[in-house]
Amino acid sequence: MSNDVLVLAERVGKQITDSTYELLGKARELADAWGGRAEVALFGPSEGAEQLGGADAVICIDHPALSDYVPEAYETALLHVLTQRAPRLLLLSNATVGLDLGAALSVRWDAPLAAYAVDLAVDGDALVATTQILGGKILAEVELGGSRAIATVVGGSLPPMTPAGSAEVVTLAPPAELDSSRMSVLQVFEPSGGDVDITAADMLVSIGRGIGSQDNLELAEELAQALGAPVSASRPIIDAGWMPKTRQVGKSGLKVKPKAYLAFGISGAPEHLEGMRSAELIIACNTDAKAPIFDVAHYGTTVDLFDLMPALAEKVKG
Amino acid sequence: MRIVVLMKAVPDLVEEIELTPEGNDIDREFLKFVLNEWDDQALEEALLVKEASGGEVVAVGLAGDADIDQSLYTAVAKGADSAVKVIGEATQTHERAALLAAYLRENPADLVLTGVQAPDDLDGQLAPMLAAHLGLPHVSVVVAVAVGEGAVVVRQEFAGGRSQEVSVKTPAVIGVQAARQTPRYAPISRIRQVMQSGALPEVAVAAEASGSGLRVRRMYEPEKTSHAHMLTGSADEVAEKIIELIRARGLVKG
Ligand SMILES: Cc1cc2nc3c(=O)[nH]c(=O)nc-3n(C[C@H](O)[C@H](O)[C@H](O)COP(=O)(O)OP(=O)(O)OC[C@H]3O[C@@H](n4cnc5c(N)ncnc54)[C@H](O)[C@@H]3O)c2cc1C
Ligand SMILES: Nc1ncnc2c1ncn2[C@@H]1O[C@H](COP(=O)(O)O)[C@@H](O)[C@H]1O
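Read top to bottom, the protein sequences are chains A and B. When the letters of the first sequence are read in order and numbered with our numbering, they come out as residues 1 to 318. When the letters of the second sequence are read in order and numbered with our numbering, they come out as residues 319 to 572.
Fair warning: there could be bad hints in the mix.
[What the hints assert, rightly or not] Computed cross-link-like contacts, DMTMM-like style, restricted to lysine to aspartate or glutamate with a CA-CA straight-line distance of at most 25 Å:
| hint | chain 1 | residue 1 | chain 2 | residue 2 |
| --- | --- | --- | --- | --- |
| 1 | A | Lys290 | B | Glu334 |
| 2 | B | Lys487 | B | Glu562 |
| 3 | A | Lys259 | B | Glu334 |
| 4 | A | Lys245 | B | Glu483 |
| 5 | A | Lys14 | A | Glu47 |
| 6 | A | Lys245 | A | Asp68 |
| 7 | A | Lys290 | B | Glu355 |
| 8 | A | Lys315 | B | Glu562 |
[Said to hold, decoys possible] Take a look, some chain A residues computed to stay more than 10 Å from chain B by CB distance:
| hint | residue |
| --- | --- |
| 9 | Gln51 |
| 10 | Gly124 |
| 11 | Asp202 |
No lab work stands behind these hints, which were simulated from the structure alone. No residue lacks a Cβ here, since even glycine has one placed at the ideal position from N, Cα and C.
Sequences and hints are given; from them, build the entire structure.
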């Protein structure tokens, strides 16, 4: 075991993702506390390593199987890095890549996993993670025992590190298992442009499952029209097929930062908050006074949305 | 093709969540449990696969889960061919994965579908853990599954509306985020009929003990350091205040 902290870098195109820098900041902090190194694993072509200054080393593996994100190939490569570098902690983003790899490596690398972490701290000999459960309604403080651990960290929970300087580049030979894959990427889909770009709007009327049924969307549309703002929504509304994917706010949808975000019948699950918590003004309507959305909203009300939306629309129309 | 759908009962988030007196776990005694919504999506996707390509769908739960019977009967009412309870109890995903892996070793499936996550997963998600135990390929955050020759093609989602299509050799384990259509509804009368027609078989398995390695120090409700300022009054009064707020930012005319 070492005192090092390893981060898996994620890229979109050639660009290292924000969440990678968030993980790197924490890796730096913990590695410094332990007297270890902050290292980043970077798979596929090694361009991107120069964006990772601030780490002590970038561990590169390149192989044709790693040119796209193929879950199995990434898992193989990451397990190889873990075995070679023996870090004390592996940090992954609690998004698709982390959801694929974290739990699998917890078994394969035999390390405890703290999922949905929002913070990590060293407490004497212990590593303590704060994690979210039950849609963010409860926080758990968990101790990760043993000499190695994994945490998947919710995007936006940690301040990103500003990369500076340059890191040592260590290139590892690809493990032989990469040659025999049971998985391949057939096609990559970029988001299709929608009728409206919700990321460009000054104000959004956003609806969640509290709206109840597709027929009730009318209420939101009427209000949105009166306000001159587009309608956006939480994931269940999109999954139900009531609105197109381009209107989805959140982790697997779009990140929005309007001047005002009006949330109706949205509970405020961590995946939703990831997409809208930095809006300048958040006003939430939810009949459950304990809904987590009220922890990020600036203003809130427990008035029924079926009363509030028409009242708002009426008043705006004057 | 034998498709196994793994189902878990989770606390109903609409209910008030209480903690145990020790403050290091949720108090399950008076909680209402419902099927994990992502397991419901997995079941729907499994039924769609069966309708498109044939096969047999088996819904599997843990006997120790509170209120799991209802979900398993409902699965059969919706179109699963059978439902089974694996004997065992688990509060952590690591224990659950060990039990279900033991079941699947003895009763292999071509395709295992389960929810991408459950809201009470403290120690991670079931699908990848199970796959690791079984040495199978796995993909999470999947929104469509199609069966091909010795493989399935799944659509996996990423942030920002990006996604990819991945071909995965079977047997495989898939963590389902959403089915291609809203989960179907089973009429209560049909569920009753299924309940009356037979008990749920229970299967014993020989699982290795396995813990998560986590020790919960405490659980707590997030501190309301930044709670919303609450607007009270009638709908009209609240609407008035909201309009003032957005008007102050120049977002509504007049
Ligand atoms: C990998 C992954 C990615 C995800 N990505 C996203 C994402 O990008 N975006 C996203 O939104 N979710 C995402 N989710 C789903 C997320 O976990 C939640 O399930 C979802 O955000 C819940 O949506 P909701 O708040 O609309 O519904 P619910 O949680 O069901 O909340 C509905 C709310 O409406 C309130 N309500 C009911 N009736 C009324 C009324 N009459 N008046 C006022 N309020 C009322 C209720 O009190 C409740 O709080 C993702 C999940 C996973 C696993
Ligand atoms: N070279 C890479 N390194 C790390 N992650 C990657 C890499 N390429 C793609 N990804 C991940 O795979 C997902 C899909 O990427 P793409 O294939 O570019 O659409 C992204 O969300 C990234 O997180």
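Is it the case that Gly124 of chain A keeps its Cβ farther than 10 Å from each residue Cβ in chain B?
Given that every Cβ of chain B is farther than 10 Å from that of Gly124 of chain A, nearest at about 13 Å, it holds.
Take the C-alpha atoms of Lys487 of chain B and Glu562 of chain B, compute the straight-line distance between them, and say whether it is at most 25 Å.
The given pair, whose Cα atoms are some 58 Å apart, is violated under the 25 Å limit.
Agreement of Lys259 of chain A and Glu334 of chain B with the hint, judged by alpha carbon distance not exceeding 25 Å
The given pair, whose Cα atoms are some 33 Å apart, is violated under the 25 Å limit.
Need the status of pair Lys290 of chain A, Glu355 of chain B: alpha-carbon distance at most 25 Å?
Holds: Lys290 of chain A and Glu355 of chain B sit about 21 Å apart, inside 25 Å.
Separation of Gln51 of chain A from chain B, once the least beta-carbon distance is taken, above 10 Å
18 Å, holds
Taking 25 Å as the top limit, are the C-alpha atoms of Lys315 of chain A and Glu562 of chain B close enough?
The given pair, whose Cα atoms are some 11 Å apart, holds under the 25 Å limit.
Just to be careful, I want the Cα atoms of Lys245 of chain A and Glu483 of chain B compared with a cutoff of 25 Å; is the pair within it?
17 Å, holds
Lys14 of chain A paired with Glu47 of chain A [C-alpha distance capped at 25 Å]
Since the Cα atoms of Lys14 of chain A and Glu47 of chain A sit roughly 7 Å apart, the hinted pair holds (cutoff 25 Å).
Does Lys245 of chain A pair with Asp68 of chain A here, judged by a C-alpha cut-off of 25 Å?
Holds: Lys245 of chain A and Asp68 of chain A sit about 23 Å apart, inside 25 Å.
Proposed proximity, Glu334 of chain B with Lys290 of chain A (alpha carbon, max 25 Å):
With a Cα-Cα distance of about 9 Å, the restraint between Lys290 of chain A and Glu334 of chain B holds, given a limit of 25 Å.
With 10 Å as the threshold, tell me whether Asp202 of chain A passes as away from chain B on beta-carbon distances.
6 Å, violated
Taken one by one, the earlier hints fail for this structure at numbers 2, 3, 11, listed in ascending order.
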